[in-house]
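Novice: For reference, the chains in residue letters:
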Amino acid sequence: MADSGNRKEEQGEKAVTEAAAASGGAEQRLMGLADSLYRQFQQGIVPHISLPSRTKGNIEFSIKDDVWVYGDQETTRSVKTVRGAKTLLKTVHLSELLIKEHLRNNRGSTLREIYYISENWDIAKFHEQAESDRLIEDLEIVTALHREDFHVRPEEDGAAVFGPLRLKEKTRRGEKEMHCQDDVGEAGYQIPFNVDNIEFLGHDAKMVMAIETGGMYARLIENGFDQDFNTILVHIKGQPARSTRRFIKRLNNELGLPVVVFTDGDPWSYRIFASIAYGAIKSAHLSEHLVTPAARFLGVQPSDIVDYNLSTDKLTDKDLQALRSELTDPRFATPYWDKQIRLQLDLKKKAEQQAFAGKGLDYVTKTYLPQRLSEMGII
Amino acid sequence: MEIAEEMARQQKAISVAEFFEKNRQILGFDSAPRALITCVKEAVDNSLDACEDAGILPDIFVQIKKSGECYQVIVEDNGPGIVQEEIPRVFAKLLYGSRFHTLRQSRGQQGIGISAAVLYSQLTTGKPTRVISKIAPHKPACYCELIINTAKNEPEIIKMEDVDWERPRGTRVELEMEGSYVRSRRQSVYGSLKSTAIVNPHARLTLVEPEGNVEIFERVTESLPKKAYAISPHPAGIELGELMKLLRYSDKKKLRIFLKETFSSIGAISAQELCSRAGLDPEQPPDSLDHEQAKRLHSAFKQIKVKSPPVDCLSPIGEELIKAGLEKEYRLDFIATTVRPVSVYSGNPFLVEIGFGYGGELEKESRVELLRFANRVPLVYQQGACALTHAVESVSWKNYSLSQPTGSGIPVGPAVLLIHIASTNIPFTSESKDAVADVPEILAEVDLGLKEVARKLRRYLSRQSVLSERREKEEIIRKILPKIARKLSDVLGKAEPDIGPVVAKIMGNLLVFRSAEKNDGHLLVGIRVENHSDLVRSFKLHEVLSVQAEEVSPQAKIIPLGDGYDYHWKLSLPPGQSISLSYRVAADGVSLKEPVVEGLDAEIVTGARVI
Chain A
0 MADSGNRKEE QGEKAVTEAA AASGGAEQRL MGLADSLYRQ FQQGIVPHIS
50 LPSRTKGNIE FSIKDDVWVY GDQETTRSVK TVRGAKTLLK TVHLSELLIK
100 EHLRNNRGST LREIYYISEN WDIAKFHEQA ESDRLIEDLE IVTALHREDF
150 HVRPEEDGAA VFGPLRLKEK TRRGEKEMHC QDDVGEAGYQ IPFNVDNIEF
200 LGHDAKMVMA IETGGMYARL IENGFDQDFN TILVHIKGQP ARSTRRFIKR
250 LNNELGLPVV VFTDGDPWSY RIFASIAYGA IKSAHLSEHL VTPAARFLGV
300 QPSDIVDYNL STDKLTDKDL QALRSELTDP RFATPYWDKQ IRLQLDLKKK
350 AEQQAFAGKG LDYVTKTYLP QRLSEMGII
Chain B
0 MEIAEEMARQ QKAISVAEFF EKNRQILGFD SAPRALITCV KEAVDNSLDA
50 CEDAGILPDI FVQIKKSGEC YQVIVEDNGP GIVQEEIPRV FAKLLYGSRF
100 HTLRQSRGQQ GIGISAAVLY SQLTTGKPTR VISKIAPHKP ACYCELIINT
150 AKNEPEIIKM EDVDWERPRG TRVELEMEGS YVRSRRQSVY GSLKSTAIVN
200 PHARLTLVEP EGNVEIFERV TESLPKKAYA ISPHPAGIEL GELMKLLRYS
250 DKKKLRIFLK ETFSSIGAIS AQELCSRAGL DPEQPPDSLD HEQAKRLHSA
300 FKQIKVKSPP VDCLSPIGEE LIKAGLEKEY RLDFIATTVR PVSVYSGNPF
350 LVEIGFGYGG ELEKESRVEL LRFANRVPLV YQQGACALTH AVESVSWKNY
400 SLSQPTGSGI PVGPAVLLIH IASTNIPFTS ESKDAVADVP EILAEVDLGL
450 KEVARKLRRY LSRQSVLSER REKEEIIRKI LPKIARKLSD VLGKAEPDIG
500 PVVAKIMGNL LVFRSAEKND GHLLVGIRVE NHSDLVRSFK LHEVLSVQAE
550 EVSPQAKIIP LGDGYDYHWK LSLPPGQSIS LSYRVAADGV SLKEPVVEGL
600 DAEIVTGARV I
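Read top to bottom, the protein sequences are chains A and B.
Residues in the first sequence are numbered from 0 upward in steps of one, following numbering that gives the first Met the number 0.
Residues in the second sequence are numbered from 0 upward in steps of one, following numbering that gives the first Met the number 0.
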């Protein structure tokens with residue numbers, strides 16, 4: 000018993016030194032940010048930080064990496080307005096927390112915890128978690144680092160993987176090796192927040208399928224789709240977390256597996272696909288790290304509603320608005336999406352993944368998916 | 000018998016009373032809540048008119064009581080009272096009144112209102128209307144019960160007797176009618192009395208609601224509105240038909256006398272000029288003019304210039320009392336008012352007054368509250384059909400800092416808009432007196448008035464935004480910047496940076512920034528002066544030293560003081576410009592005092608003392 004305890008400690012120490020090396024860079028960059036503000040005061044320049052503006056109008060396609068990144072438009076946070084001044088004060092407070100509590104002590108907090116920590120910051124307190132989340136993204140952009148480098152982690156989101164994949168995960172309690180069909184429960188292997196602690200060992204897969212809803216993920220597992228079609232199923236749980244997107248990207252990059260995305264047939268689901276394949280507007284600074292440009296949209300396509308005669312719901316006003324906004328979104332400016340979105344605006348209908356159940360529980364695995372996949376030339 | 004003769008037998012005259020019996024919506028009795036409001040409004044209007052004519056400060060008591068399925072309306076005033084013989088006709092004969100034939104501003108015009116209420120009461124409950132009136136303290140009061148004979152449009156007296164009444168004088172009327180009592184919106188008895196109180200600040204109104212709740216609208220002024228005098232019609236805008244009627248029925252023997260006596264603003268000279276322009280004999284009798292001649296006379300009216308109609312036929316509320324009235328019923332941050340000069344439409348003088356209240360506790364996101372008044376009577380219904388509303392809708396409010404979501408229509412914002420039109424004859428769209436007709440002259444006057452108050456509002460708001468910008472900057476400088484500086488020094492482990500230069504930039508101030516460097520037993524001093532404002536700044540900069548300085552650049556004037564020297568520079572810096580000054584002193588024992596600026600206000604200077 001004592002022996003294993005020692006081993007754990009050793010591994011723990013090793014992890015600490017590695018982390019310290021990485022955090023040295025992070026600390027330096029945060030100090031650099033504070034120093035530049037300090038010098039602005041000294042030189043009589045109104046203190047400010049410039050950031051790329053994070054709007055639909057300011058993302059452009061990077062031919063180098065096949066992903067969407069921020070363009071040249073910048074916004075400036077300056078102390079000329081009360082809002083700007085408060086944001087800068089919060090930025091300095093946050094930097095102090097990350098430097099003194101996180102990096103120097105090798106500790107970490109979740110996004111939610113950071114929001115609560117700010118309770119004691121007087122007028123620099125965050126009003127809602129979205130505000131602190133956004134500020135951390137700003138710091139990522141300014142320092143060209145990832146939040147993991149600041150030891151900031153998201154809340155557990157429970158995205159999971161099931162399929163013929165063997166991997167090794169470095170945890171705080173040592174390395175764990177497992178097979179994502181044989182060594183896991185019915186829910187699959189849960190993706191950790193820092194995906195770069197995973198090493199892929201081997202696989203028998205022919206493709207990766209990202210699935211929006213838990214219901215469809217469970218259906219495919221129950222029907223044995225992962226075995227029959229040698230597929231790694233990834234449950235993305237709605238809008239996918241960064242770790243999920245990073246995981247998919249690594250499967251595609253390192254194992255050379257094609258990736259297909261299977262979601263509901265509505266405008267919100269197309270955005271889920273876009274964030275996997277093109278990048279999200281909010282985190283375009285991380286596109287190169289998170290985006291899988293080779294990912295392809297499987298369905299449910301608006302044309303499937305007609306071709307498979309699916310049962311549908313009416314589009315709400317919000318849905319229609321979202322669809323129209325996608326027509327002007329540069330990420331969707333392809334003939335394929337233009338055709339599909341216009342067709343859906345015409346139909347005024349949307350369909351869920353579960354709509355296939357109306358034709359029998361096996362219909363999706365026996366008929367729809369094989370047809371679509373061979374159409375796409377994947378099987 | 001021929002068909003035409005057969006049909007002729009069925010033709011017969013319709014009494015006005017019968018006509019209104021079948022068309023009650025024309026008089027404003029078309030719905031149950033509205034019947035009560037109209038009834039109260041008509042009775043209160045009569046009381047206010049009577050009090051004003053008699054020079055009495057009105058004190059009007061209104062009570063609504065539930066009486067079985069119906070409501071009882073009681074309105075009592077301290078007015079002059081009505082003589083016994085007149086009571087039946089005033090209350091129980093339609094189109095009977097004292098005001099129809101005079102050109103003078105009053106609330107009532109046609110003599111329909113209260114008798115219509117009596118008619119409605121009798122139609123819905125079958126009960127007579129009860130009236131008590133007393134004309135002098137030493138005389139007994141007269142009590143009567145009345146109904147209208149609708150076939151003849153004549154009053155029928157059920158009962159009439161002398162009674163004791165505790166008031167020295169006044170009138171009380173009690174009617175019972177079908178109706179329904181609503182509260183908490185503008186279209187209610189309460190809302191209508193509240194509006195009445197705003198434009199009649201000399202009146203005290205008391206309302207007792209069915210549940211016994213008492214509301215008192217207190218008077219805010221003891222002075223009665225200026226008395227309105229009757230005038231003759233004004234020639235501007237009179238219609239041909241009206242002119243021909245006046246010509247035919249005139250008792251004057253000569254045309255020039257007719258012109259001079261019948262119209263206001265026409266004297267002997269204008270009368271002569273009119274006749275010669277129209278090619279008419281001034282001495283011919285007015286009723287001898289044929290259609291062609293009348294037409295020539297009518298067009299002559301349009302050619303000559305006559306002076307505006309006399310103003311004393313109108314009784315405006317006045318800017319001061321509009322303000323007092325609005326302040327009484329709303330909490331506001333700002334009130335703008337205007338009274339337009341008297342203008343004329345179709346021979347009728349009119350004037351427009353506007354009050355515009357902003358801010359306070361008014362709803363920010365909803366449409367501006369519009370209070371319409373005609374001759375001090377609130378207009379409650381048919382807002383959309385009214386000229387006053389149309390004038391508001393056609394102003395482009397975005398130019399005046401209010402939002403107008405569709406580009407036209409009632410603006411949105413925390414504001415209340417009071418529009419009062421006073422005239423000897425208000426052109427209503429119908430007898431229920433809900434909406435003013437779209438007369439171009441009226442629309443134009445309201446438009447001008449609205450733009451005038453709107454400009455005042457815009458000035459107020461821009462002053463406010465300058466102030467709030469100033470406050471915002473104060474907050475940045477006093478609360479946030481020092482905290483950022485302190486935090487930065489915490490993080491970096493360095494001394495707190497001087498925030499002075501940044502403060503000067505944000506405030507648009509003059510910055511005086513001194514640095515000193517020790518070198519070889521000397522102190523090299525540099526002073527940088529930057530003008531961050533958008534105006535030229537001229538001032539003197541003083542540096543008081545205990546010893547003499549060397550290498551002063553540029554040259555400074557030196558005034559020896561008892562214990563040292565005052566070096567000063569006369570400077571003038573254009574916007575955005577800066578200048579560097581420097582000198583050298585022996586380092587031992589020198590202590591630098593804060594630089595001094597002379598000739599500017601302290602709040603526009605950072606980094607120096609100001610004298």
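In short, the hints are calculated from the structure, not lab data.
Some hints could be false.
As the list claims (entries may be wrong) - Under the rule of at most 25 Å between Cα atoms (straight-line distance), these lysine-lysine pairs were calculated in the PhoX-like manner:
1. A:347 / A:313
2. B:294 / B:306
3. A:124 / B:472
4. B:301 / B:244
5. B:259 / B:244
6. A:79 / B:592
7. B:493 / B:363
8. B:151 / B:138
9. B:493 / B:517
10. B:472 / A:79
11. A:79 / B:482
12. B:455 / B:478
13. B:193 / B:252
14. B:225 / B:193
15. B:322 / B:363
16. B:504 / B:363
17. B:455 / B:327
18. A:99 / B:482
19. B:226 / A:99
20. B:226 / B:294
21. B:193 / B:65
22. B:64 / B:158
23. A:79 / B:478
24. B:259 / B:193
25. B:327 / B:225
26. B:301 / A:124
27. B:482 / A:124
Novice: Is the straight-line distance between the alpha-carbon of residue 472 (chain B) and that of residue 79 (chain A) 25 Å or less?
Specialist: Satisfied, since the Cα-Cα distance of roughly 8 Å is no more than 25 Å.
Novice: Does the alpha-carbon distance linking residue 493 (chain B) and residue 517 (chain B) stay inside the 25 Å limit?
Specialist: With Cα atoms ~21 Å apart, residue 493 (chain B) and residue 517 (chain B) stay inside 25 Å; holds.
Novice: Holds or violated: residue 259 (chain B) with residue 193 (chain B), Cα cutoff 25 Å?
Specialist: Violated, at roughly 44 Å.
Novice: Just to be careful, I want the Cα atoms of residue 493 (chain B) and residue 363 (chain B) compared with a cutoff of 25 Å; is the pair within it?
Specialist: Distance ~48 Å between residue 493 (chain B) and residue 363 (chain B) Cα, so the pair is violated.
Novice: Verify the proposed pairing of residue 301 (chain B) with residue 124 (chain A), using a straight-line Cα cut of 25 Å.
Specialist: Distance of about 74 Å is beyond 25 Å: violated.
Novice: Next pair to validate is residue 99 (chain A) with residue 482 (chain B); report whether the Cα-Cα distance is within 25 Å.
Specialist: Holds, at about 18 Å.
Novice: Given the hinted pair residue 259 (chain B) and residue 244 (chain B), is their alpha-carbon gap at most 25 Å?
Specialist: holds (16 Å)
Novice: Given the hint that residue 294 (chain B) pairs with residue 306 (chain B), test it: the Cα-Cα distance must not exceed 25 Å.
Specialist: holds (22 Å)
Novice: Taken at face value, is the distance from the CA of residue 478 (chain B) to the CA of residue 455 (chain B) at most 25 Å?
Specialist: violated (34 Å)
Novice: Holds or violated: are the alpha carbons of residue 504 (chain B) and residue 363 (chain B) at most 25 Å from each other?
Specialist: Given that 25 Å is the threshold and the Cα spacing comes to 34 Å, the pair is violated.
Novice: For the pair we were handed, residue 193 (chain B) and residue 65 (chain B), check the Cα-Cα distance against 25 Å.
Specialist: holds (22 Å)
Novice: Keeping to a limit of 25 Å between CA atoms, is the pair of residue 79 (chain A) and residue 482 (chain B) held or broken?
Specialist: holds (15 Å)
In the structure shown, a violation is registered for the earlier hints numbered 6, 7, 8, 12, 13, 16, 19, 20, 24, 26, in ascending order.
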